[in-house]
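S.K.: Letter by letter, the chains look like this.
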Amino acid sequence: MQKTVKQEMTALAGDQAVAYAVKQSDVDVVAAYPITPQTIIVEKFSEYVADGEVETEFVCVESEHSAMAASIAASATGARAFTATASAGLALMHEMLFVASGCRTPVVMAVANRALSAPLNIHGDHSDSMAQRDSGWIQLYAENSQEAYDSIIQAFRIAENLDVLLPVMVGLDGFTLSHTLENVETLPEEAVKEFVGVRKFPNVLTHNGKTAPFKLDPANPMTMGPIALQNYYFEFKRQQEEGMEHAVNVIQEVNNEYAKISGRSYGNGLVEKYCLEDAEVAAICLGSTAGTMKTVVDDLRQEGIKAGLLRLRTFRPLPVEEIRSALANVKALAVMDKCMSFGGNGGPVFHEFRHLFYDAAKRPYIVNYIYGLGGRDTSPRELRSIYETLQGILQTGCVEKPIQYLGLRG
Amino acid sequence: MTTQEWKFTAKDIAEKPDLFLAGHRACAGCGPATVFRMIMKATRGPTIVTEATGCMEVVSSIYPYTSWAVPWLHTAFETSASNASGIEAALKIMKKKGRLNHEHVDVIAFAGDGGTYDIGIQALSGAVERGHDFLFVLYDNEAYMNTGIQRSGGTPHGAATTTSPAGKSIPGKLEYKKPIADIMVAHNMPYVATASPYYWKDLMTKVRKGLEVEGPAFLHVFAPCPRGWRSDPAKSMEYSKLAVESCVFPVWESVNGHCQLSIPSKLISLAPQKKRPVDEYLKGQGRFRHIFKPQNKKLLVDVQRMTDARWECLLRKCGETPKTA
Ligand SMILES: Cc1ncc(C[n+]2csc(CCOP(=O)(O)OP(=O)(O)O)c2C)c(N)n1
Ligand code: SF4
Ligand SMILES: [Mg+2]
Numbered sequence: 000m001q002k003t004v005k006q007e008m009t010a011l012a013g014d015q016a017v018a019y020a021v022k023q024s025d026v027d028v029v030a031a032y033p034i035t036p037q038t039i040i041v042e043k044f045s046e047y048v049a050d051g052e053v054e055t056e057f058v059c060v061e062s063e064h065s066a067m068a069a070s071i072a073a074s075a076t077g078a079r080a081f082t083a084t085a086s087a088g089l090a091l092m093h094e095m096l097f098v099a100s101g102c103r104t105p106v107v108m109a110v111a112n113r114a115l116s117a118p119l120n121i122h123g124d125h126s127d128s129m130a131q132r133d134s135g136w137i138q139l140y141a142e143n144s145q146e147a148y149d150s151i152i153q154a155f156r157i158a159e160n161l162d163v164l165l166p167v168m169v170g171l172d173g174f175t176l177s178h179t180l181e182n183v184e185t186l187p188e189e190a191v192k193e194f195v196g197v198r199k200f201p202n203v204l205t206h207n208g209k210t211a212p213f214k215l216d217p218a219n220p221m222t223m224g225p226i227a228l229q230n231y232y233f234e235f236k237r238q239q240e241e242g243m244e245h246a247v248n249v250i251q252e253v254n255n256e257y258a259k260i261s262g263r264s265y266g267n268g269l270v271e272k273y274c275l276e277d278a279e280v281a282a283i284c285l286g287s288t289a290g291t292m293k294t295v296v297d298d299l300r301q302e303g304i305k306a307g308l309l310r311l312r313t314f315r316p317l318p319v320e321e322i323r324s325a326l327a328n329v330k331a332l333a334v335m336d337k338c339m340s341f342g343g344n345g346g347p348v349f350h351e352f353r354h355l356f357y358d359a360a361k362r363p364y365i366v367n368y369i370y371g372l373g374g375r376d377t378s379p380r381e382l383r384s385i386y387e388t389l390q391g392i393l394q395t396g397c398v399e400k401p402i403q404y405l406g407l408r409g
Numbered sequence: 000m001t002t003q004e005w006k007f008t009a010k011d012i013a014e015k016p017d018l019f020l021a022g023h024r025a026c027a028g029c030g031p032a033t034v035f036r037m038i039m040k041a042t043r044g045p046t047i048v049t050e051a052t053g054c055m056e057v058v059s060s061i062y063p064y065t066s067w068a069v070p071w072l073h074t075a076f077e078t079s080a081s082n083a084s085g086i087e088a089a090l091k092i093m094k095k096k097g098r099l100n101h102e103h104v105d106v107i108a109f110a111g112d113g114g115t116y117d118i119g120i121q122a123l124s125g126a127v128e129r130g131h132d133f134l135f136v137l138y139d140n141e142a143y144m145n146t147g148i149q150r151s152g153g154t155p156h157g158a159a160t161t162t163s164p165a166g167k168s169i170p171g172k173l174e175y176k177k178p179i180a181d182i183m184v185a186h187n188m189p190y191v192a193t194a195s196p197y198y199w200k201d202l203m204t205k206v207r208k209g210l211e212v213e214g215p216a217f218l219h220v221f222a223p224c225p226r227g228w229r230s231d232p233a234k235s236m237e238y239s240k241l242a243v244e245s246c247v248f249p250v251w252e253s254v255n256g257h258c259q260l261s262i263p264s265k266l267i268s269l270a271p272q273k274k275r276p277v278d279e280y281l282k283g284q285g286r287f288r289h290i291f292k293p294q295n296k297k298l299l300v301d302v303q304r305m306t307d308a309r310w311e312c313l314l315r316k317c318g319e320t321p322k323t324a
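Listed in order, the protein sequences are those of chains X and A.
Everything in the first sequence is counted per numbering that gives the first Met the number 0, starting at 0 for the first residue and increasing by one.
Everything in the second sequence is counted per numbering that gives the first Met the number 0, starting at 0 for the first residue and increasing by one.
I should point out that these hints are in silico values taken from the structure, not numbers from a laboratory.
Wrong hints could be hidden among the right ones.
Derived lysine-lysine pairs resembling BS3-like cross-links, with alpha carbons at most 27 Å apart [claimed, not checked]:
| no. | chain 1 | residue 1 | chain 2 | residue 2 |
| --- | --- | --- | --- | --- |
| 1 | X | K199 | A | K95 |
| 2 | X | K214 | A | K95 |
| 3 | A | K274 | A | K10 |
| 4 | A | K95 | X | K22 |
| 5 | X | K22 | A | K91 |
| 6 | A | K91 | X | K192 |
| 7 | X | K22 | A | K200 |
| 8 | X | K199 | A | K91 |
Computed from a predicted structure; not experimentally measured.
Let's have the full structure, built from the sequences with the hints guiding it.
M.R.: Next comes the structure, spelled out in structure tokens:
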């Protein structure tokens, strides 16, 4: 392994880590609107701007809808664009998320994951970003502040990769990560700048028959965001899916390359396996829950129970092959959802896991655990009970309640 | 190039290549299409255009064709001004970082009345408050034409649209046209103007002024739609003239808050006998046909009353004393 660069250890909350990563990534335009628990990101970034520490145009827009529109437009003009939001803000952006991916603008966005109204709740769950599952964005979920920092830097490389050219959102759990101080190792600015590089553009055919970089440039007029009807729309959408397919490899490459300078990697970039080699019972989860879950697995292992954990770092594109091979020998699986899919017979992650095992050679028993909605705390004891349930299933050979609510009163 | 250097003579205009190209799918006699062509003729150099969803976006960008000889971006219906914010911010920082190949690039944001008065007003107000350097053009055909002639905040009092039909108990739109240009003046922005394509030189000069001004500029352009107005496609320019002469759509500009009538309207203020009654403008437009029925006489009187009241209010704002003919 190449020698890693010297890094600095700083105590940063997740939001601060994100703002710091953006500061270092040579971002041209930040257009954002405040919402708890993302506010620290915009506030911190505003300080960098006010102190002249960044060469970035900060557009303090009047809504998240405009934040996303301005980010798309800046990106279409050739700038590197970043925004951040949460909950209602992400919901307000909904229309524009599809435009960002459809226009192939590699915008990067941090989402400090938070519950959706009503009732109003400012705390962490995954309802906001799960509701944007099909918007054509790559979705990464960070386990801790360190990973939030690292993932933002990586996100620019993933989004701007010419075989991908899709927007990326990085989720960090509201409050649990966004507002909690942790030790974060940060790279020197030059190392980050070098890693992200200068944005590149694919050459495309313009209406007057020239090939030119894909951006709004008076030297090569290009019509972006046109109307495409029955005869072309479908092809546009299929091409977008190709970008997603390419992202499966690109995310892994970027994860590896980043490891070379930082010494840090997150599984293969798509999934992180924890004690899975010989695991019989395993859970899968996203985000910060994995931290607690790992200590639970450690305890169970001490007791001789073959427990494991799969952390899904990349939710979109769904790394189907990697998940299947990682869980090939698991006999009973608990899928954790910090989100509800009302009337949908289980949470969104559960749906995906069940579907990807449909045509697998061996199918584990699968149970869904819906937990932590609106920031409800989940204790190690509760998490441990999941594994106990899985063991019970192995003994009886029967899944009595496929959809369970963890930590729910009454 | 400044306004002074370019005189906007017929020769000048003929020599300048079109940037809004022929081949778009607008209806015959489409006022907005003429307006767009004139506006693009009046640009002064490298320009990026962004546009809201609406008739003009749809008719000009049907993939794989385009009517745009300049870089052009569409994202959504309500985002013309927020797009402009992003484009302008990107141009600014790219120039600072030496990544822009042009000394300066103008930004024009187009939107219809729906994209301006209604769904786009928040983004517009925000972009103007932030002071982005761009020209916002409202092409006002007074209804949501792209989706089939529904009423907007810009639809005039009495007009029949598909969501304000002239029925047995309600005679068309009851509400009055929102004074959008006044709302923009209230933003204390450097340049606000209204224009009508019949007075093409006035329109084009205002485009140039709007581009030259540093900071946001707002141009409200009258744009007859024969399809939606149920009017003769050959008469779009005639209605553009009558609207000004009847003071239904006076032309004026506000430079740094200083409001002034433009020549076509100034002439009427000087010679009030030239002011045409509103019925001369309304008649022939199918959307107002019901107004001329005996039972709707009050409505016609009301349209005249409101037109006069707004005209007098404008005269006062422009420091003119209202005179009666
Ligand atoms: C968010 C959203 N709501 C509704 C629509 C449907 N829609 C498209 S264009 C349009 C009306 C456009 O009216 P206007 O801005 O006046 O432009 P015109 O078509 O009259 O030129 C509407 C309602 C849309 N595209 N997006
Ligand atoms: S409907 Fe009206 S605005 Fe739309 S293209 Fe036809 S004439 Fe022009
Ligand atoms: Mg309209």
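S.K.: Is X:K199 within 27 Å of A:K95, Cα to Cα?
M.R.: holds, 18 Å
S.K.: Is A:K95 within 27 Å of X:K22, Cα to Cα?
M.R.: With a Cα-Cα distance of about 17 Å, the restraint between A:K95 and X:K22 holds, given a limit of 27 Å.
S.K.: Straight-line Cα separation of A:K274 and A:K10 no greater than 27 Å?
M.R.: Not OK: A:K274 and A:K10 at ~32 Å, beyond 27 Å, violated.
S.K.: Does A:K95 lie within 27 Å of X:K214 when you go C-alpha to C-alpha?
M.R.: OK: X:K214 and A:K95 at ~18 Å, within 27 Å.
S.K.: Just to be careful, I want the Cα atoms of X:K22 and A:K91 compared with a cutoff of 27 Å; is the pair within it?
M.R.: holds, 18 Å
S.K.: Is the Cα-Cα distance between A:K91 and X:K192 27 Å or less?
M.R.: holds, 20 Å
S.K.: Does A:K200 sit within 27 Å of X:K22, going by the straight-line distance between their CA atoms?
M.R.: The given pair, whose Cα atoms are some 48 Å apart, is violated under the 27 Å limit.
S.K.: Check the hint pairing X:K199 with A:K91 against an upper bound of 27 Å on the C-alpha distance.
M.R.: With Cα atoms ~19 Å apart, X:K199 and A:K91 stay inside 27 Å; holds.
Of the hints listed earlier, those the structure fails to meet are numbers 3, 7, in rising order.
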